[in-house]
Amino acid sequence: VSTLASSLPLADNLLAARELMAFTLGFHIILSCIGIALPAMMLIAEHRGLRHDDDAALGLARQWSKAAAVLFAVGAVTGTVLSFEMGLLWPHFMERYGDVFGTGFAIEGIFFFTEAIFIAIYIYGWKRLKGWAHFWSGIPIVIAGVGGAFSVVAVNSWMNQPQGFELDAAGQVTNVEPLRALFNPATVYEFPHMLIGAYMVVGFGLASIYAFGMLKGRRERRHRLGLIIPLTVAAILTPLQIFVGDVAARGVADHQPSKFAGFECIRDTGPDQTEWLGGICTESGVKYGIGIPGLDSWLVGYSTDTVVTGLDRVPDDQRPPSNTMLHLAFNAMVGVGFGLLALGAWFGASWYRRRDIPPTRWFLRAVSLSGIGAVLALESGWIVTEVGRQPWIVYEVMRTSEAVTSAGGLWFVFGGAVLLYATLGTISVIALRTIARRSGDEGSVPYGPPPGGGTAGSE
Amino acid sequence: MSSADAVAVILVAGATLYAVFAGADFGAGVWQLLARREGDADLRERIEARVAGSLGPVWEANHVWLIFVLVVLWTGFPDAFAPIMETLYVPLALAVTGIVLRGSGFAFGHILEGRLGGSSRNVFAVSSLITPFFLGAAVGSIASGDVEAGGSGDALGWIGPLPVLIGVLFVVSCSYIAAVFLLDDSRRAGDDQLALYFQRRAIGAGVVAGGVAAVGLVVLRIDARYVFDGLVDEGLPLLIVSVALGLLTLAGLLRGWKRGLRPLAIGAVVAVVAGWAVAQYPYLLPQTLTVEAGAGADGALTATIWVFVAALVVVGPSIALLYRLAQGQELE
Numbered sequence: 053v054s055t056l057a058s059s060l061p062l063a064d065n066l067l068a069a070r071e072l073m074a075f076t077l078g079f080h081i082i083l084s085c086i087g088i089a090l091p092a093m094m095l096i097a098e099h100r101g102l103r104h105d106d107d108a109a110l111g112l113a114r115q116w117s118k119a120a121a122v123l124f125a126v127g128a129v130t131g132t133v134l135s136f137e138m139g140l141l142w143p144h145f146m147e148r149y150g151d152v153f154g155t156g157f158a159i160e161g162i163f164f165f166t167e168a169i170f171i172a173i174y175i176y177g178w179k180r181l182k183g184w185a186h187f188w189s190g191i192p193i194v195i196a197g198v199g200g201a202f203s204v205v206a207v208n209s210w211m212n213q214p215q216g217f218e219l220d221a222a223g224q225v226t227n228v229e230p231l232r233a234l235f236n237p238a239t240v241y242e243f244p245h246m247l248i249g250a251y252m253v254v255g256f257g258l259a260s261i262y263a264f265g266m267l268k269g270r271r272e273r274r275h276r277l278g279l280i281i282p283l284t285v286a287a288i289l290t291p292l293q294i295f296v297g298d299v300a301a302r303g304v305a306d307h308q309p310s311k312f313a314g315f316e317c318i319r320d321t322g323p324d325q326t327e328w329l330g331g332i333c334t335e336s337g338v339k340y341g342i343g344i345p346g347l348d349s350w351l352v353g354y355s356t357d358t359v360v361t362g363l364d365r366v367p368d369d370q371r372p373p374s375n376t377m378l379h380l381a382f383n384a385m386v387g388v389g390f391g392l393l394a395l396g397a398w399f400g401a402s403w404y405r406r407r408d409i410p411p412t413r414w415f416l417r418a419v420s421l422s423g424i425g426a427v428l429a430l431e432s433g434w435i436v437t438e439v440g441r442q443p444w445i446v447y448e449v450m451r452t453s454e455a456v457t458s459a460g461g462l463w464f465v466f467g468g469a470v471l472l473y474a475t476l477g478t479i480s481v482i483a484l485r486t487i488a489r490r491s492g493d494e495g496s497v498p499y500g501p502p503p504g505g506g507t508a509g510s511e
Numbered sequence: 026m027s028s029a030d031a032v033a034v035i036l037v038a039g040a041t042l043y044a045v046f047a048g049a050d051f052g053a054g055v056w057q058l059l060a061r062r063e064g065d066a067d068l069r070e071r072i073e074a075r076v077a078g079s080l081g082p083v084w085e086a087n088h089v090w091l092i093f094v095l096v097v098l099w100t101g102f103p104d105a106f107a108p109i110m111e112t113l114y115v116p117l118a119l120a121v122t123g124i125v126l127r128g129s130g131f132a133f134g135h136i137l138e139g140r141l142g143g144s145s146r147n148v149f150a151v152s153s154l155i156t157p158f159f160l161g162a163a164v165g166s167i168a169s170g171d172v173e174a175g176g177s178g179d180a181l182g183w184i185g186p187l188p189v190l191i192g193v194l195f196v197v198s199c200s201y202i203a204a205v206f207l208l209d210d211s212r213r214a215g216d217d218q219l220a221l222y223f224q225r226r227a228i229g230a231g232v233v234a235g236g237v238a239a240v241g242l243v244v245l246r247i248d249a250r251y252v253f254d255g256l257v258d259e260g261l262p263l264l265i266v267s268v269a270l271g272l273l274t275l276a277g278l279l280r281g282w283k284r285g286l287r288p289l290a291i292g293a294v295v296a297v298v299a300g301w302a303v304a305q306y307p308y309l310l311p312q313t314l315t316v317e318a319g320a321g322a323d324g325a326l327t328a329t330i331w332v333f334v335a336a337l338v339v340v341g342p343s344i345a346l347l348y349r350l351a352q353g354q355e356l357e
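Protein chains in written order, with our numbering: chain H, 53 to 511; chain F, 26 to 357.
Because the hints were derived from the structure by calculation, they are not lab data. Take the hints with a grain of salt, since some may be wrong.
Residues from chain F shown here face chain H by an in silico Cβ test under 8 Å; the list is partial [to be verified]:
(1) A60
(2) G64
(3) W99
(4) F106
(5) A328
Stretch by stretch, here's where chain F covers chain H in the computed footprint (C-beta under 8 Å, at least three residues) [said to hold, decoys possible]:
(6) 149 to 157
(7) 287 to 294
Beta carbons: idealized from backbone N, C-alpha and C, even for Gly.
Modelling step: build the complete structure from the supplied sequences, incorporating the hints.
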């Protein structure tokens, strides 16, 4: 095996390692969003339940906590895969810069502990904590979600805007300042963008499940609340996200011109840049897209005279790959964002006028698609930031090709991972459907006490 | 003590917490696996319920110590982390596969009924063997000097007598600790019959673990002379403490002590991990990379120490609260 493995060319290894990382991270990021934002939804429902003595709301909180338990467990192990992959796939990156950014992950460890312990306390607490004490036992989970997101995203921001270290004449890393590394210029926009994104994915995602149920005729109070609570959160956050995203895009134009030029398909540096919607990026400009003259320059600097750096200023071997994919991913993210903004506005207007959701099935249809849309935007955004940073693993400091392992057989591992994760995903959905069919006390829950106070695990 | 030494101590402390608490969780899975051979369906169900109940609230928190150890290793000692990962990628990838299967099998096993639920619980049980074995093999491989500073080593170097033996030792020790914990939990829950069941198995596992460890010492002398010499020199007091505590636990098990078994068994594991660390010191990777030479930047070391203190402050009280709840007390 080892001779066969080592005979494979390293360039192939780079692509395999990137695909493996992208696939496992692309899977885990959905679970991360759930870990970050589902506890808040659960507590909002519980708050309502306790405040207004509302059993439907309490039932939702309980139901969501069971879903959280299963998905947290799957998220804990798929997250562990990523921790290992940092070393298994990118050992030279870790060797060189592990101590520069590692503190971020160490801090994340504390939040990870908090989350793991308090989700168990919260789930046990349904039987053993009374009223508001139970509500408060969930608050540390929400805080841990925010803190965990910050620490992990700060490390990613550092890869985009590395600082907090120096390279000496021999190329050795010196003068490491872990806190400066974490609080880099990109953290300021990457962290809120990811945090709000997580709340939007969970808000629209949950709402879409209940909208689907309502379309199938389930109109009782529990379903309506299950749609309204998360949709309200997501609708309020969407305009804020568009604002943060706008700041982020300008930040990228400023800090990472090659990434910006890559996803905006800008060839020639200059003022009066066209903003392209859709289309294919070619050497001679964008084909088949809708161009709005001057808008790109205006978005970057509030004037069509703003000079925007194009790929002509980026050396050939430092340009991001797959321009068209980057461009379309960016378009998809922004497009979905505006679609969700419109949906939120529709909901808001109806609520303002009649204290109810719009009385048409078209609204429910739109909401039931919004969850898929939000996930699409999430994955697209992640593609933009990760593929857009290539060929660098640490922007303009270390190439991804310098970081990759010499270990062989990565394509086989990739195949195995796809099979394993497809199984995990499928069984997760079956488990969630099982939870949805049960009510109240029924059945056991990971992290929780045995059902009914008796013996557990009976078939 | 230099800050590199302090971070090395933190690394060993984190590994010990993982070995004891997550080790018990893995071992519980092994007992669930072996329980499938019990003819008595009621007993089988009670064992499964006991395992699920004992792991339920704490399994993820116990698992997080592994993440903590990984992060401390790459932040504190990046020059050791990289060659370990690049050399031992086969056992480590298999260990992490075991982690994925076990965690998800455990979670799905709680929710699902019927065949899929049964298979999930079986996956949980079988994968409880995988992770400790391959983590043990990786540790054994490091001890025998397979991982060299700056190198990417031989991908199959870990297939040797010492790594395989340490892998087996990890599995057996996990089962032993688990049996002691489950015995205690069963007694607390008032199921004396189950307590007796685990008492017998704890004795059996204890004897097997002792035997494997004794053979391990001989193989250690052949394959990892540096660590062996350290173990019978600077590490000797700890080795003696470990053996003594192990024998005392065994005596307590045979005489049916009602209290004190859990701390004794934990003590035996803590002493042997500490003994190993002392024996390997000053090397992270015998004999190519020392703690001092492998250490990361000072700022990172200092930050790691603070984060560890913060982790203890956060985790200690929260886990105590969780144990109180899980043991059925109402909280105000």
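Here is what the structure says about each hint:
| no. | hint | in the structure |
| --- | --- | --- |
| 1 | A60 | violated, 11 Å |
| 2 | G64 | violated, 16 Å |
| 3 | W99 | holds, 4 Å |
| 4 | F106 | holds, 6 Å |
| 5 | A328 | holds, 4 Å |
| 6 | 149 to 157 | holds (count 7) |
| 7 | 287 to 294 | violated (count 0) |
Of the numbered hints stated above, those contradicted by the structure are hints 1, 2 and 7, listed in ascending order.
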